[in-house]
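Participant: Each chain is listed here by its residues.
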Amino acid sequence: MPRPGFVLDVDRSTPPMLFWHGERFSLERLPADRSRVIYPAEPLPGLIDPDAAIRQALLQPLDMEPLPSLLHAGMRLTICFDDASLSLPKMRRPDSRQRIIETVLDMAAEAGVDDVHIIAALGLHRRMHDYELRHVLGDRIFDAFHPSGALYQHDAEDHANLVVLGETDHGEVLEINRRVAESDLVVYANVNQVAMDGGWKSLVTGVASYRCLSHHHNPESLQNTRSLMDRHHSALHHSIWRMGAVLRDNGPKVFQIESTINNDAFPSPFNFLSKREWEWTGRDRATFLATSKALDRTPRRLARRIFHSIEAPYAMTSVQAGFTETVHERTLEHVHAQHIVPVEGQTDILTMGIPFISPYNPESIMNPILVMCMGLGYLFNMYRGRPLVREGGVVIMTHPTTKEFHPVHHPSYIDFFDEVLADTTDPAEMSQRWERKYAEDEWYRHLYRTGNAYHGVHPFYAWYWGAHGQQWAGRVIIVGGDPATVRRLGFTPASTMDDAFELASEVVGRSPTITHLHVPSVLVADVH
Amino acid sequence: MKALSVRRSVPRFGAARVVSSISQRSATRVGPLTFGEIEEPTQPGPGWERIDTSLSGICGSDLALAEGRASAYFEDWVSFPFVPGHEIVGTRGDGQRVVIEPVLGHSARGAVPPSPEAAPGDGDDYRHLVTGPLEPGIQTGFCNSTGGGWAPWFWAHESQIHAIPDSLSDEAAVLVEPLAGGVHAAFSVRDALRRGDLLNRGPVVIGVLGAGTMGLATVAALRAHVPEADVIVGARYPHQFAIARALGAVEVVRSTDLAAAIRRRTGAHVIGRHLSSGAHCLVDAVGSSESISASVSMTRPRGRVVLLGMPADVSLDLTPLWHRETELRGCYTYGTETLDDGSTARTFDLAIELAQTTGAERLVSATYPLERHVDALAHAAEAGRRGAVKIAFDLRRGN
Chain A
83 MPRPGFVLDV
93 DRSTPPMLFW
103 HGERFSLERL
113 PADRSRVIYP
123 AEPLPGLIDP
133 DAAIRQALLQ
143 PLDMEPLPSL
153 LHAGMRLTIC
163 FDDASLSLPK
173 MRRPDSRQRI
183 IETVLDMAAE
193 AGVDDVHIIA
203 ALGLHRRMHD
213 YELRHVLGDR
223 IFDAFHPSGA
233 LYQHDAEDHA
243 NLVVLGETDH
253 GEVLEINRRV
263 AESDLVVYAN
273 VNQVAMDGGW
283 KSLVTGVASY
293 RCLSHHHNPE
303 SLQNTRSLMD
313 RHHSALHHSI
323 WRMGAVLRDN
333 GPKVFQIEST
343 INNDAFPSPF
353 NFLSKREWEW
363 TGRDRATFLA
373 TSKALDRTPR
383 RLARRIFHSI
393 EAPYAMTSVQ
403 AGFTETVHER
413 TLEHVHAQHI
423 VPVEGQTDIL
433 TMGIPFISPY
443 NPESIMNPIL
453 VMCMGLGYLF
463 NMYRGRPLVR
473 EGGVVIMTHP
483 TTKEFHPVHH
493 PSYIDFFDEV
503 LADTTDPAEM
513 SQRWERKYAE
523 DEWYRHLYRT
533 GNAYHGVHPF
543 YAWYWGAHGQ
553 QWAGRVIIVG
563 GDPATVRRLG
573 FTPASTMDDA
583 FELASEVVGR
593 SPTITHLHVP
603 SVLVADVH
Chain B
33 MKALSVRRSV
43 PRFGAARVVS
53 SISQRSATRV
63 GPLTFGEIEE
73 PTQPGPGWER
83 IDTSLSGICG
93 SDLALAEGRA
103 SAYFEDWVSF
113 PFVPGHEIVG
123 TRGDGQRVVI
133 EPVLGHSARG
143 AVPPSPEAAP
153 GDGDDYRHLV
163 TGPLEPGIQT
173 GFCNSTGGGW
183 APWFWAHESQ
193 IHAIPDSLSD
203 EAAVLVEPLA
213 GGVHAAFSVR
223 DALRRGDLLN
233 RGPVVIGVLG
243 AGTMGLATVA
253 ALRAHVPEAD
263 VIVGARYPHQ
273 FAIARALGAV
283 EVVRSTDLAA
293 AIRRRTGAHV
303 IGRHLSSGAH
313 CLVDAVGSSE
323 SISASVSMTR
333 PRGRVVLLGM
343 PADVSLDLTP
353 LWHRETELRG
363 CYTYGTETLD
373 DGSTARTFDL
383 AIELAQTTGA
393 ERLVSATYPL
403 ERHVDALAHA
413 AEAGRRGAVK
423 IAFDLRRGN
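As they're listed, the protein sequences go chains A and B.
Mind the numbering: the first sequence is residues 83 to 610 in the numbering used here, read in order.
Mind the numbering: the second sequence is residues 33 to 431 in the numbering used here, read in order.
Bear in mind the hints are in silico, worked out from the structure with no lab data behind them.
All of these numbers come straight from a predicted model, not from anything done at the bench.
Take every hint as true, because none was put in to throw you off.
Selected chain A positions facing chain B (Cβ under 10 Å, derived; list incomplete):
1. 493
2. 497
3. 500
4. 501
5. 522
6. 523
7. 524
8. 528
9. 529
Computed spacing ranges between beta-carbons, pair by pair:
10. B:234 x A:383: 40 to 46 Å
11. B:375 x A:531: 49 to 55 Å
12. A:524 x B:398: 45 to 51 Å
13. A:150 x B:303: 46 to 52 Å
14. A:490 x B:103: 37 to 43 Å
15. A:489 x B:322: 18 to 24 Å
16. B:288 x A:196: 49 to 55 Å
17. A:490 x B:322: 22 to 28 Å
18. B:234 x A:250: 36 to 42 Å
19. A:351 x B:320: 48 to 54 Å
20. B:370 x A:506: 41 to 47 Å
Heads up, the beta-carbon is just placed ideally off N, CA and C, and yes, glycines get one too.
Put together the whole structure using the sequences plus the hints.
Facilitator: Written out as C-alpha cells, the structure is:
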C-alpha cells in the first residue's frame, strides 16, 4: 500500500534535502526546529488492464450514452487530444492518449465512421514535432492518419477555420476550431497530471483562438485564481466553465475521456528523486553522488538532452468518460487521491527546487520566464485553501536561471525578456502596453503557424501564470541563478541557500518558519 | 618643438600591426608614432594662421595609424612625416578660441572651390588634395606642410577656422569634429528618408551600430536633425548604454541584439540571418566586415547603410546587398548640408550648435599630456572596456 504524502518536521537528525537546480541537483540543509518538508504521496497502483478499463469507460460513460451508440456511418467525428505539454516527463509508450484513441478508433471503425479527424489541442502552444506526435499517438495512428492530413494540429491563427459559437453572460466570446464546431461528435482524449487540466479547459483552451483565450488568460483572472489547482476558487476556471456552458449549449456533442496517472515520474536510475532522503539506501546515496557529480561535469546542453530523453513509467490510475463536467469531477477525485497532502498553517518562507522541465519546454530549454512560471505559477499554486507561504512571505527557488532560450520554440520569449521585462515586470502594465503587439506580430504568427514556436503572446501568459504568486510574495529569491537575469525578472539573486535565508530575513525576520515543497512528484497542499 | 609625429617606415608599420594584437602599448612603442623634437613647419602661405593647440582628441583613424592598421589607400593621400591630430580646439594669436575643420579643401590649397560657399569637404574631385602648394594630405593631421593637433601649435587656413563662443568649453569643443561626422551621417540618413518620401509615412526606425564616439555623436545628431525617427542603438559597454539613452536613443541594446530590437520595432520576419525588412537606415559606426554585413542584414531592402566607421580591408558577401538593393553609402567627414527648406548650412556650424546643446563635454573621459602618449593611446584603444568615450591630449599651458 503506497504511503500518503506527509509533512516532516526538520530536526537536527534530518539529512539535507534534495533540491532540483535545473538539470542538476543540490542538497540543502534546512534549519532545524522551524522547517518542514512536504512530501508527495507514493505512486498509487496503476490499473491492471488499462485497455479494458478504457473500453469499459467508453461503454459505461457518465451521464451520456455509450460511445458506440453515438457513432454511425456518415458522421463527422473529431478526436482531440492533449499536446506535448502533458505528461511531464513524457510518458513511456504506449501513452494513455494512444490507448484511448485506438479504442475510440476501433469503435468508430466498427460503426462505419470514415470521416475522422484527429487534432492536437495545443491552443497557443508550439506545434508538436512529428516524432512527438508519433510518441503520443503510436505508430499505428500516426501512419494511418498523418500522411492523409487527417491528423493535424489546431491553428489558433487560421481565422478562416475558426467559428464563434456564442458569448457568455460575461461577454466572453467562445471562438473555436471550425472542424470541432461542425462535427457531429467530438471526443477528447485527456491525460490528467494535475487538477488544473481537464474538464471544459481541454476544448475551451485547446482548440480556441487568441481572442477567446484572452478572456481568461489575463492578469486579472490569474491574480484571482486561488489556486490553479482548485477550479472552484479559480477565476480562470470560472471563465472557462462559463465558456464550457456555451459549448455545451451551442456546440457539438462532446464525449470527454479523462485519464489520470500516478506519481511514478522517473525510471529506476532516478529512484532517489522520489524517495525520502532519510530512507535513501547506500545504493541511493551512491547513485545520487554519481549522478550529481556526472551532471556537474556535463555540459548543460548534453544534460538537458539526457533529461528530456527520460520516459516516465507513469501508470494509469483511472479513466472515465462521458459528459465533461461529471467526468471531470470523477477525475479530480482520482487526482486528489494521489496529490493532496494536508498541511497545517502557512509558512514565512517557501522553498522549491525548479526542475529542468515545465509544461512549456518539453524537449526544450527552461528559459528565465519559464523559471518564473514554474516557480510562481505552477509550484506556488500547488495548494488548496491558502497558499503555503503567508502573504508577504518569501519564496526561494533554486535554478541556474541563465539567459538562454530555444530560438525555435521560444522566439517571442527572447524579445519578451529583452524588451518587455526591461520595461516592466508588472503583469497588468505589460498587458496594457505590450501584449497586443506581441500577439499580432506577423513573424511570431508565422513561426507559430508553420514552425514549432509558441504563439507570440505566450510569454505573457507564462508570466501571468505567476501573477498571483508574484503579487502574494514579499520577495522572491533565486539561489544559484545568473544575477543579471534574476534581477531582470524582478527577483533577488543569492549565491547559496544560507545567503538566501539571510536576504529573506530582511522581510520575514531572523527566525522564520520554512516549508520546503519536495518535488519531483506532484503534490497539492491542502492548507488549513 | 616637441611633438608626436608619424614617419614613413614600413618595418615600424609592420611591427605595430603584429604587436597591436598583443599589446596596444607595445604597438605604440614599436610603431611609426614617435615623440620628440620636430622640424617646425613653415607658414604655407597667405591666409594661414598659427593656432596653439588646447585639446586634441584621439580618433579611431589615429589609432589605426599607430597600430599599423590604416588602409594602404591613404599612402598616396598623406605626406610623411606628419603630426597627427585633427580633432582640435585651440587659440589664435589674439586669444580667440577656435575649432578646426581639418579637411584641407580647395581654398586651403589655392584651388578653385566648386562653389563660392563651398565647405572644405565639398566637391567631386579630390585632385586638390595632392596638388598645389601643400604636400599631399586629406586633412590637417595627415599633411607634412601644416602640422597637426598633437603638437603645441600648427598652421590652419582661414577656411578651416571656426570661432567658438565662450560658453563652449574646450572639452565640448574638442568634440565638434566627431560631432560633425555624426551630423553628416544624420543628414545622409535624412537625405535617404526624404528621397524615399518616408518622413511622414509612419514610424521611422534608424539603427546605429556601435556606441563609441562616432556612434554616440550620430545618436545626438539624429535626435537633433531627424527627430521623427526612433533611434535604436547597438552598444557594448554599460556606460555606452547610459550615454546613448541620454542622447536620445529610444532603445539601446547589445550590438548582438540590435537585429532583434529592429525586428521587434518594425515587425519584420527573420529569414536565416537576415531580416525580411528592417530599419529604414542604419549607421554603421564600427566599420568591420561583421558590422557591415550585419548592417545590411538589418536594413530594409532599398534602404541605406551609412558607413561612418572607417573600414580597412573587409571581407563581405555582397549577395545580400545586391538582392536587397541596399545602398551602402560612405560617410567621410563633413561639408555642406541641405536642410528641408532647401537652404544650406555648414556641417561644422551645425556641429558647434550641437556641441552646445547636447552637453558634449560628458564624452571626454580623460586627457593626457603628449609625453604620456603611450598611456593615452592605450586608454583610447581600450576606451569602451575602461568606461571611457573620448581621450584627448591636453596642451594647455600648465599641462
